[in-house]
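Asks: Using the hints, position chain B against chain A.
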Amino acid sequence: MLEFRKDIFADERDDNLIEIGQPTQRQDILGHVTGTSPYYDDHRFANLLHLKILRSPHAHARIRSIDDSAAARAPGVKRIIRAADVPVNLNTLLSLIQFGKDDEPSLASDFVRYKGEPILGIVASSERAALEALALVRVDYDQLPAVFDVEEALKPGAPSVNATYPKNTFEYYGKYDHQKLRFGEVEAAFKEADIVVEDRYQMSPIEHAPTETNGSIAVPDTNGRLIVYTSTQALFFSLDTSAKINAIQSNQLHFIGGTVGGGFGGKVDTLTEPLVILAARLIGAPVRYRFSRHEEMQYGSPRGAERIYVKDGIMKDGRIVARKVRAYFDSGAYTRLSSYAVVKCVAHIPGPYTIPNVHADVYCVFTNRTPATAMRGFGVTALDFALECQMDKLAVAVGMDPLEFRILNSYRDGDMKAHRREAKNCALIECAQVAAEKANWPIRDEFRRMSSRQGGGPARTGGGADRTRAPAIAPAVAPPTAVPQRVAYERPAAAAAPPSPPPRSASPPPPAAPSSGSTHGAPRFSSVFGTRRR
Amino acid sequence: MKTPIQFQLNGEDVAAFSDSGSNLLDVLRESIGDLTVKGGCWQGTCGTCTVLVDGAPRLSCVTLAEACAGKSIETVAGLRRGADLHPLQNAFMEHFAAQCGYCTPGMLMAAKALLDRNPNPTRENVVDALCGNICRCTGYEPIIQAVLDAARSDNRRRA
Chain A
747 MLEFRKDIFA DERDDNLIEI GQPTQRQDIL GHVTGTSPYY DDHRFANLLH
797 LKILRSPHAH ARIRSIDDSA AARAPGVKRI IRAADVPVNL NTLLSLIQFG
847 KDDEPSLASD FVRYKGEPIL GIVASSERAA LEALALVRVD YDQLPAVFDV
897 EEALKPGAPS VNATYPKNTF EYYGKYDHQK LRFGEVEAAF KEADIVVEDR
947 YQMSPIEHAP TETNGSIAVP DTNGRLIVYT STQALFFSLD TSAKINAIQS
997 NQLHFIGGTV GGGFGGKVDT LTEPLVILAA RLIGAPVRYR FSRHEEMQYG
1047 SPRGAERIYV KDGIMKDGRI VARKVRAYFD SGAYTRLSSY AVVKCVAHIP
1097 GPYTIPNVHA DVYCVFTNRT PATAMRGFGV TALDFALECQ MDKLAVAVGM
1147 DPLEFRILNS YRDGDMKAHR REAKNCALIE CAQVAAEKAN WPIRDEFRRM
1197 SSRQGGGPAR TGGGADRTRA PAIAPAVAPP TAVPQRVAYE RPAAAAAPPS
1247 PPPRSASPPP PAAPSSGSTH GAPRFSSVFG TRRR
Chain B
40 MKTPIQFQLN GEDVAAFSDS GSNLLDVLRE SIGDLTVKGG CWQGTCGTCT
90 VLVDGAPRLS CVTLAEACAG KSIETVAGLR RGADLHPLQN AFMEHFAAQC
140 GYCTPGMLMA AKALLDRNPN PTRENVVDAL CGNICRCTGY EPIIQAVLDA
190 ARSDNRRRA
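Which chain is which? The protein sequence lines are A and B, in order.
Taking my numbering, the leading residue of the first sequence gets 747, the next gets one more, and so forth.
Taking my numbering, the leading residue of the second sequence gets 40, the next gets one more, and so forth.
Some hints could be false.
[What the hints assert, rightly or not] Simulated restraints, written as ranges between beta carbons of each label pair:
{"#": "1", "chain 1": "B", "residue 1": "Val-166", "chain 2": "A", "residue 2": "Met-1061", "range": "44 to 52 Å"}
{"#": "2", "chain 1": "A", "residue 1": "Pro-821", "chain 2": "B", "residue 2": "Arg-120", "range": "44 to 52 Å"}
{"#": "3", "chain 1": "A", "residue 1": "Arg-1122", "chain 2": "B", "residue 2": "Arg-162", "range": "24 to 32 Å"}
It should be emphasised that the hints constitute simulated quantities derived from the structure, not laboratory data.
Source: prediction; values computed, not measured.
Note that the Cβ used here is the ideal one computed from N, Cα and C, for glycine as well.
For reference, chain B alone in the conformation it holds in the complex:
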């Protein structure tokens, strides 16, 4: 039985037919084709598939797609500001905060959720915001530094 779902993805209206009971990760990747969202565990433990649902970080692999009807979803595909990269993306590049790159989309979205609600996070705030995201390559410190630096540079730009 296919179920129709409509929601906003990175500011655009999208619609898909999905199997009843599908998770948001599968709908985004398989039905809509947003491959910037990655699956790592499909059981809600690694944070790789993190997207924003109405601004809050959610594990898309354990989020029922039908429950997202009418909501606003954000993924890395919508992170750029026009032709420019988001400050978080620039900071991740400058700080060598990605190695294999597979956890990076989830890290970026968890970090964006933090900066959107707290533009001046402390190190503890950053660690707390990323505590659900597993990285097996970098050892976390470059990622934490990148998020702190992105907050500083974004604030400078706004000032």
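With the rest of the complex left out, here is chain A:
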């Protein structure tokens, strides 16, 4: 059951929280247990039509010709939707925030770039009639070499996947093929390190597999607008994307979301709305576009596969002195959100640890695989998988307990991060201490006494940080010194203090801890404005 540890950082808040720490009933639970929560497909319309999509059976091919004449004559078929019917048939999701170039058609006309890519839609009086008509469409393909591996895709002569990005890498700021992070001098630090550990980590794509598949229903309204019932996780994002692709004003669309049958990131890509809206506009009748389970698994975008190389230099006393990361995000055939995942990844390197020399190159790579998208911490999750596996290997290499090893290297208040931001409100040490306690995992007293509020400061990375590049951000708290200081864990056992609350001024240099004379109170506690400490 939920336990609220009020003893930790107790001086930073009033003990006046009413809801936090208490179980609270979901507002939608009664609908869930009575089967009456309104999912998008629980709305009923007379004469509802059904849209089904013809998809590419090939990972990479040129479309020579499409013959849909027999399908057009099939029973129940109301309309065939072709690429030429799509008003704006090239889009990228983050164009709404001016990030990246339009690179993905709603319906492919010349090339297909992944297995499952939509080519043509058929609207019919039933799903069955639409599927039977789809089987009558003849597409003549010219198969092309495909590439399914991120590093293969970057080699000279690799098949070019995405016409907008012919070099198979997303372009940052119009000119960079990857995102960089530079802090200190890793190569020099590797030479001085006692041990260097290097490994390769690979994530697989993961399908969200929500029990409710992606889908939407578009219904022409009497005022010229369309009402769209949708499973989307991102209502206004989907609305604006649909307006752009259909070349209509956003205020012509009335999106109704609400209860979503599981999403986990797999329902932000606006996979069904643009075409179902187009179909409803072309026909003037309500149309539903619902993924089958097979479509959800094959065509619904997964978490991206990521390949991550990590090389670390460590000293025998357990300090990590250098971390070098080279990572490749498999975006699939189109950008979707992977360009942003890479930015998140680089922002998370080197993990929650203070390391004076950090070097990272992260690429967003196009391959002939299903386009990847958001999934629960995407960009960060795979990196953490790699880094935490690596942390265990490092602990073994220096003969340290893995938890003590993490506590030793954790961010502390006042540390300078590789991004030249000061670490604030750190709590990893305390989390590790509580985890050790809960798991009956023995850690030594000196590690039990460590605190995020003690022993931190820019001097911990002073030996490696390139100060000339960050004068405005680096706070003038202490002059950088050549010797990394690890005073907290060297504190003699005699200085033992009650573990809770942690001592705040036992060791030099004094951290800029909250002044003990300040009054407690809510005004000091604001996670929104980041003023919890300092």
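Replies: Using the frame of chain A, we list chain B on its own:
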């Protein structure tokens, strides 16, 4: 070709005309209008569409509607006991056993089939009864606890 079908739904006689070969899920949702039954895979793999046919849990998406003629069908729409919720529904609420709620109707019906024939299930019985129902949100443990708790509370009420 439309085929007439009659059966009992939650104790009431119902009739529908459906396309020959329709599955029970489509007939319940599209022809009769019982939207408490949800479709998740339409291929008999996820358990979301579970209903009871003559007391036994059945995957309505792969059950031929015509084969249910004259039988008794139960769905979540008939789970309440008058104005009161079924003990399973109360227990699912108390144990946070629903997150997105989409698998919940199938879970409830699979659990009801278990409790109807075994009022004192073990944990293993519950796991076995729910093994055909996929939940992507909760991680199953709250659901298992809810079913065990519902059995206890229902027995207390009967005692």
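Asks: Next step is simple, just say for each hint if it's right about the structure.
Replies: Outcome of the hint check:
1. Between Val-166/B and Met-1061/A the beta carbons are some 49 Å apart, a value that agrees with the proposed interval 44 to 52 Å.
2. Take Pro-821/A and Arg-120/B: their Cβ atoms lie about 47 Å apart, and the range 44 to 52 Å holds.
3. About 29 Å separates the C-beta atoms of Arg-1122/A and Arg-162/B, a value consistent with the hinted range of 24 to 32 Å.
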